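*Asks:* Chains A and B, in that order, give the protein sequences.
Position 53 of the first sequence, counted from 1, bears residue number 53 in our numbering, the numbering being contiguous throughout.
Position 297 of the second sequence, counted from 1, bears residue number 598 in our numbering, the numbering being contiguous throughout.
The hints are simulated quantities; they were obtained by calculation from the structure and are not laboratory data.
Hints are supplied without guarantee of correctness; some may be wrong.
[Stated by the list, open to error] Chain A regions said to be covered by chain B (calculated; three or more residues, Cβ under 8 Å):
| # | stretch |
| --- | --- |
| 1 | 78-92 |
| 2 | 225-236 |
| 3 | 263-270 |
| 4 | 280-289 |
This one's a predicted model, so the numbers in the text were calculated from it and none came from an experiment.
Every residue gets a Cβ at the ideal spot worked out from N, C-alpha and C, and that includes glycine.
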Amino acid sequence: MATVTASEAAQAAEVQAHPRPRRGRRSGKGERRNWLGGAVGWVWLLIVIVPIYWIVVTSFKTQANYFITNPMVPPSDPTLANYRFVVDEGFVGYFVNSVIVTLGATVPAVAVSFMAAYAIVRGTGGRFLRLTNSLFLLGLAIPLQAVIIPVYLIIIKLQLYDTLMAIILPSIAFAIPLSVLVLGNFIRDVPRELFESMRMDGASEWSMLWRLALPLTRPALVTVSIYQGLTVWNNFLLPLILIQSPDKRPLPLALWAFQGQYGVNVPAIAASVVLTTLPILILYAIGRRQLLSGLTAGFGK
Amino acid sequence: MTVLAPPAVPTTRTRRPASSVGGHGRVWWLALPALGMFVVFGVVPLLGVLGLSFTTWDGLGAITPSGLDSWRATLADPGLPHALWVTFEIMVLSWLFQTPVSILIGVFLAGPQRYREFLAVLYFIPLLLSAAAIAITYKALLDPNFGLGAGLGMPFLQQNWLGESGLALAVVVFVVSWQFIPFHSLIYQGAVRQIPRSMYEAAQIDGAGRVRQFFSITLPQLKYTIVTSSTLMVVGSLTFFDLIFVLTEGGPGDATRSLALEMYKTGFQANLMGPASAIAVILVVVGLLIALLLRRLGGRGDESQLEGA
Numbered sequence: 001m002a003t004v005t006a007s008e009a010a011q012a013a014e015v016q017a018h019p020r021p022r023r024g025r026r027s028g029k030g031e032r033r034n035w036l037g038g039a040v041g042w043v044w045l046l047i048v049i050v051p052i053y054w055i056v057v058t059s060f061k062t063q064a065n066y067f068i069t070n071p072m073v074p075p076s077d078p079t080l081a082n083y084r085f086v087v088d089e090g091f092v093g094y095f096v097n098s099v100i101v102t103l104g105a106t107v108p109a110v111a112v113s114f115m116a117a118y119a120i121v122r123g124t125g126g127r128f129l130r131l132t133n134s135l136f137l138l139g140l141a142i143p144l145q146a147v148i149i150p151v152y153l154i155i156i157k158l159q160l161y162d163t164l165m166a167i168i169l170p171s172i173a174f175a176i177p178l179s180v181l182v183l184g185n186f187i188r189d190v191p192r193e194l195f196e197s198m199r200m201d202g203a204s205e206w207s208m209l210w211r212l213a214l215p216l217t218r219p220a221l222v223t224v225s226i227y228q229g230l231t232v233w234n235n236f237l238l239p240l241i242l243i244q245s246p247d248k249r250p251l252p253l254a255l256w257a258f259q260g261q262y263g264v265n266v267p268a269i270a271a272s273v274v275l276t277t278l279p280i281l282i283l284y285a286i287g288r289r290q291l292l293s294g295l296t297a298g299f300g301k
Numbered sequence: 302m303t304v305l306a307p308p309a310v311p312t313t314r315t316r317r318p319a320s321s322v323g324g325h326g327r328v329w330w331l332a333l334p335a336l337g338m339f340v341v342f343g344v345v346p347l348l349g350v351l352g353l354s355f356t357t358w359d360g361l362g363a364i365t366p367s368g369l370d371s372w373r374a375t376l377a378d379p380g381l382p383h384a385l386w387v388t389f390e391i392m393v394l395s396w397l398f399q400t401p402v403s404i405l406i407g408v409f410l411a412g413p414q415r416y417r418e419f420l421a422v423l424y425f426i427p428l429l430l431s432a433a434a435i436a437i438t439y440k441a442l443l444d445p446n447f448g449l450g451a452g453l454g455m456p457f458l459q460q461n462w463l464g465e466s467g468l469a470l471a472v473v474v475f476v477v478s479w480q481f482i483p484f485h486s487l488i489y490q491g492a493v494r495q496i497p498r499s500m501y502e503a504a505q506i507d508g509a510g511r512v513r514q515f516f517s518i519t520l521p522q523l524k525y526t527i528v529t530s531s532t533l534m535v536v537g538s539l540t541f542f543d544l545i546f547v548l549t550e551g552g553p554g555d556a557t558r559s560l561a562l563e564m565y566k567t568g569f570q571a572n573l574m575g576p577a578s579a580i581a582v583i584l585v586v587v588g589l590l591i592a593l594l595l596r597r598l599g600g601r602g603d604e605s606q607l608e609g610a
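Whenever a hint applies, use it, and build me the whole structure from the sequences.
*Replies:* See the structure below:
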């Protein structure tokens, strides 16, 4: 905690002096007071908020103003010039690239994972499917970083280097193991009587997959899609290695390049970070619960 | 979220063999598309990286087999033990920092008060940000001339955070924790909510205080969650790349050059793909060994360590 600033510590101390506005509400003597947890909770909240607050405030300052005003005080004359500058630098294009890559990887990844999970659950006992399942479980332990060199080689051989497809294909592959694992757990919970009765009616596995398993596991599909979508959206290594042309960069790579170019223009950097983070924050505001459960998708349900 | 390693220990739920009535013969082909993709971009590269570690390749030209040359060069390079040491330091320090803080916050957030719900909204924002955005924010924020410290005129904040070896490593550990503590708090929050209230009520009747309850009930009940969370932290920290790369690029000098960065620099900057592949193999082996070791320590074999999270 050495990096807690003096001002943060002071504010935290103040907060601790008046904690828990509604402490007595449900309590009586049975209430367990968690002072240490509360203190750490509030201090850490400040540590989370301060950089975010700072970057938002700074993004509305002119570069000249930035150096003479208190960095924690919002500007008296907020400007959108930094945002205009960032947009002029091509961030709309980078945003489109990110959307293409994210949708292009997440939708097929979840679709093929769902089919595979269905097969693994419904076809238990078959040797081929058992082997496939073990392979996916092994895949959970393979970090992308460790295999990036052969992936680079394969992409060159497929003549996909410096295309968005080069990011999409490996992203799909690396989304599969965890998606299959989680979706399989949910498909397993579909009562088997439902499958039985559909089969009696002469339904094929293919139509049971879409008309029975899909509607009943829709929440899980949303959750897995969110998790994988966020992973792809934020990926940095694949574009760093596989993309060369500036106009094909997705957002994280574009951010990095932008900072390399305009490092001292702090308000512009701040605006680029805020602008690229905004879409996710908006989604977070809309679907917080789905998003948070998506983030722990791998941990049972 | 790019660096979040998937759980190293798969969930095993109660199996219901009866659900196999569908029959293997009719569904197996549904697994083919996923299997195909995963083999081409997962399994083949895993074998490929081992293969490439016995070759010489500059990343552009022809690949020529060269026996053990790459391994000899890699193992003789003093950069390797250094990178292993840096990786180890980051792993241990960030575990030591993140685990107690995450547990405390998780316990705190699991409480019933409504306003904690509101706090949680702000809390989990770092989970959504890309490592690149986080690193860029901190890089700007910590700049001794243009950052927050200079603006506030506070000498303590005005240190050359990313320019001195010890400080830079501390900053990396801190920023890693900033990114991941919310995630682990979330796991602990879920686990704490699963602990039966009756246990605490019984303890209260026996006169156990808050601290005693924490150490006698909460912590033991969280045992498997701690193993899971630690596995993710430790195995994940092996592969931190984006954050360190953008924040310090392994510097100053090689002070924060971890194994993943060493691999990138060897392969894609020095164009020595053979030795870089050897480093990647070491990365995989170390990761698997640590995951197995932690699983052994967790001591629950094949059972689920993830349920209740």
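*Asks:* All hints are to be evaluated individually against the structure, with a verdict given for each.
*Replies:* A quick look at each hint next to the structure:
Figure legend: the stretch 78-92 of chain A, annotated as covered by chain B; annotation inconsistent (0 residues with Cβ-Cβ distances under 8 Å, at least 3 required). Requiring three or more residues with a Cβ within less than 8 Å of a Cβ of chain B, the coverage given for the stretch 225-236 of chain A holds, as 7 such residues are present. Figure legend: the stretch 263-270 of chain A, annotated as covered by chain B; annotation consistent (4 residues with Cβ-Cβ distances under 8 Å, at least 3 required). Beta-carbon proximity to chain B at under 8 Å applies to 4 residues in the stretch 280-289 of chain A; the threshold of 3 is reached and the given coverage holds.
Hint 1 alone, counting from the list given before, is not met by this structure.
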